[in-house]
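Participant: Sequence:
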Amino acid sequence: MCNPTEVTLFVLCSGLRGLINLGNTCFMNTIVQALIHTPVLREYFLADRHVCQLLKEENEQCLVCELSSIFQEVS
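Per our numbering, the sequence shown starts with residue 5, numbered consecutively.
These are computed hints drawn from the structure, not numbers from a lab. Hints are not guaranteed to be accurate.
Stated by the list, open to error - Pair by pair, the computed Cβ-Cβ distance ranges are:
| no. | residue 1 | residue 2 | range |
| --- | --- | --- | --- |
| 1 | G27 | V55 | 12 to 22 Å |
| 2 | T29 | C69 | 13 to 23 Å |
| 3 | P43 | L23 | 14 to 24 Å |
| 4 | V55 | N28 | 26 to 36 Å |
| 5 | V55 | E77 | 31 to 41 Å |
| 6 | N25 | Q57 | 25 to 35 Å |
| 7 | E77 | V44 | 12 to 22 Å |
| 8 | V55 | N25 | 13 to 23 Å |
Ideal placement from N, C-alpha and C gives every residue a C-beta, glycine not left out.
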C-alpha cells in the first residue's frame with residue numbers, strides 16, 4: 005500500500021534534473037555538480053566574495069568568475 009506522503013514526495017521530486025550533456029561534456033558536468041554540492045564552495049560563490057583582478061575593459065573573466073556565474077545559474 006502506498007503512503008500519501010510518499011506519493012506527494014514523488015510528485016514534488018519528479019522531473020528533469022542535472023545539467024544537459026552537450027556532446028562529450030559528461031565528465032565536466034560531473035565535476036561541476038560535485039563542486040556545486042560542496043557546501044563551503046557553494047556558500048563562497050553564492051555570497052559574491054570573489055573580486056576579480058582582471059581588467060574589466062578587456063571583458064574577460066577568470067576561472068573563479070566563470071565558476072561563480074555557473075553557481076548563480078544552477079542555484
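Participant: What are the numbers of the hints the structure violates, in ascending order?
Facilitator: When the structure is compared with the hints, numbers 1, 5, 8 turn out to be violated.
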